[in-house]
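Q: The lines below spell out each chain.
Protein chains: 2
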Amino acid sequence: MPLHNDKLLVHSWAPAPPGWLERVSARFPGLDVRWEQTPMGKDDLVAADTLPAEVKDGVTMICVFPPPSPEMMKHVRFVQLASAGSDRWLQHPSYLNPDVQFCSASGCHAPQIAEWVFGSWLSFTHHFQAYTEQQKAQDWRMRVDLPVKDGLGRRMGILGYGAIGRQCARLASAFGLEVYAFTNSPRLTPESRKHDGFTISGTGDPDGIIPAKWFSGGQVNEFLAQDLDVLVISTPLTSSTRGLIGAEQFKLMSKSKTFVSNIGRGPIIDTAALVEALETGLICGAALDVQDPEPLPAGHPLWTAPNVFISPHMSWSSTSITPRLAELLYQNLERLDKGEPLLNLIKKT
Amino acid sequence: MPLHNDKLLVHSWAPAPPGWLERVSARFPGLDVRWEQTPMGKDDLVAADTLPAEVKDGVTMICVFPPPSPEMMKHVRFVQLASAGSDRWLQHPSYLNPDVQFCSASGCHAPQIAEWVFGSWLSFTHHFQAYTEQQKAQDWRMRVDLPVKDGLGRRMGILGYGAIGRQCARLASAFGLEVYAFTNSPRLTPESRKHDGFTISGTGDPDGIIPAKWFSGGQVNEFLAQDLDVLVISTPLTSSTRGLIGAEQFKLMSKSKTFVSNIGRGPIIDTAALVEALETGLICGAALDVQDPEPLPAGHPLWTAPNVFISPHMSWSSTSITPRLAELLYQNLERLDKGEPLLNLIKKT
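Chains as they are written, first to last, in the UniProt record's numbering: chain A, 1 to 349; chain B, 1 to 349.
Simulated from the structure, these hints should not be mistaken for lab results.
A couple of the hints might just be wrong.
Put simply, identical chains are the same to the list, so a pair is met inside one copy or across any two.
Capping the alpha-carbon separation at 16 Å, the derived lysine to aspartate or glutamate pairs in EDC-like fashion look like this [unchecked claim]:
1. Lys42 / Asp139
2. Lys257 / Glu279
3. Lys42 / Asp145
4. Lys136 / Asp87
5. Lys347 / Glu54
6. Lys149 / Glu191
7. Lys194 / Asp44
8. Lys74 / Glu222
9. Lys136 / Asp207
10. Lys149 / Asp87
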């Protein structure tokens, strides 16, 4: 349906990229565009409901992070999420309405999140924290007591092979790690292994040719038993992934003492089992950009579990995130205008 | 010259890889092999002179890290260094003797040192130190005040394009950085851009096809003025590289506030100029596995310069270093036995 009489609200903590508003106005003269900037809160982004009534009224298209109230969404026909995951929307009336098209921001976060995965893993394997402590003590002392297992010839399992997982695979391959992929549905043909979401040119594994082995569906235990040196969790949070990694799974990882990196969602891991796996050494360590619960309260045992690195759900952060998201939104406006299939359209089930 | 009546001494802080001694004895029955293990000292590896006389006597081939005394080397015809650099040997009588063949360990360190370069750079750009402090305080707080510049579309300059530089280039390319290379001699033809040293299969840039631009010799200032986001120093320490990066060069880097990573040798950088560049913000930060002097004494201003990460010359460390070095040594024994050109033969000038 061509964009006429549509009102697009973009609600972000960042300003519009230079020239973007002009480009959109020139291309879609019938579209009323409002880019509203609100500073981020301490623990979360702020919902669009806080905006003045005149900004919210009559909005038919919206690009947001936290879900606004159903009331505010009642005329909305298109939602461009600013997140890769849609788990916060699952019970939202607009999401449940089949007439409202939702697109994720998958692909916009892949470069920086894959960097976070490798940076935090390398910080662990190369003992940067110990050297930072030595630096503070001004103590120059060679530490052969801190062995480094470099990545060449090791194995990375990637649980969830979307844009982020595929960029992790690209990096893993350059570092000399073998990649095993796990996907929700079986990917038995070359065609089915292709990525159908938004991919930034020169990133990821668009054709799905990097993994040496593929696992799917009920094979999660078989996948985790493959002597993985690193496990990257980059799958959406759904009813089938909630608690997917628990005590039984950590036991499977104990043979190779897998390093676990979670940049999906906290509840994919059973937190109590994770704390125990770290404390008893079933796994060698973990890097967690997401936790369960969030915000992680002071006093929670996860904070002080051994060999864990915790960051407050910030791996998506990049000075390039807003330009990338704005480009995706522009491409989807084009597709809406021409009646073409949308990028990253979420199949609501 | 076939290996007969030769005595090979390997002096290492690590044991021989399983099966290696048997493999060498089976292949070269005339060779007397001694693998001697000495624990590493606090600030350095220990020289082979400390070994008992019966181990040192009559040695004709040697694989060592610190240079032994000339006295101990007088019958030695072949030296396999355990280091990529030969700067500690430049004044040694054996090194000055044209009849003694020296081979470097170039290539054995490339995977782990390139990991150190990217790990320390990502730790800096992704603010892991700030999040580690938050973790210690059990403070879960989103930090949009800590902007992350991810690597996609940025530029890495690599000063010295040997095995380590080439593995950095391979990784840079996967992260989406453009690579500019600087070499001592001009590399104007595809043939001249190939790597002629020992390269572990699946690593590096053996054909020299990754760099978008090449600089050489007197062009160091032109190279540094190319808006480099990251500068990797991976060139040997020679009379022409000593003090190569000083106040004038930091000024050239100030336009793009280059991040400087030194895994070459400390004296390639003028330390006083580096401290000033960090303190005045000419560069955004630095990661230094090597310093001038080493060991860096307590109280030295480099320890507390802003945005610097210092490690005690440990980026070479890997549980795979000894197997890689032993494989290179084996291949060079083969070549010596057959009279073929040696791998990593140092052209002594």
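Q: If a hint holds in the structure, say so; if it does not, say that too.
A: Evaluation of the provided hints:
1. Lys42 / Asp139: This pair counts as between: shortest inter-copy Cα distance 11 Å, intra-copy 36 Å.
2. Lys257 / Glu279: Close inside one copy (12 Å), not across copies (42 Å); limit 16 Å.
3. Lys42 / Asp145: This pair counts as between: shortest inter-copy Cα distance 11 Å, intra-copy 40 Å.
4. Lys136 / Asp87: neither (42 Å within a copy, 29 Å between copies)
5. Lys347 / Glu54: Answer is neither; intra-copy 32 Å and inter-copy 76 Å both fail.
6. Lys149 / Glu191: neither (36 Å within a copy, 34 Å between copies)
7. Lys194 / Asp44: neither (33 Å within a copy, 51 Å between copies)
8. Lys74 / Glu222: neither (45 Å within a copy, 59 Å between copies)
9. Lys136 / Asp207: Answer is neither; intra-copy 46 Å and inter-copy 42 Å both fail.
10. Lys149 / Asp87: neither (36 Å within a copy, 27 Å between copies)
Hint check: violations occur at hints 4, 5, 6, 7, 8, 9 and 10; the rest are consistent with the structure.
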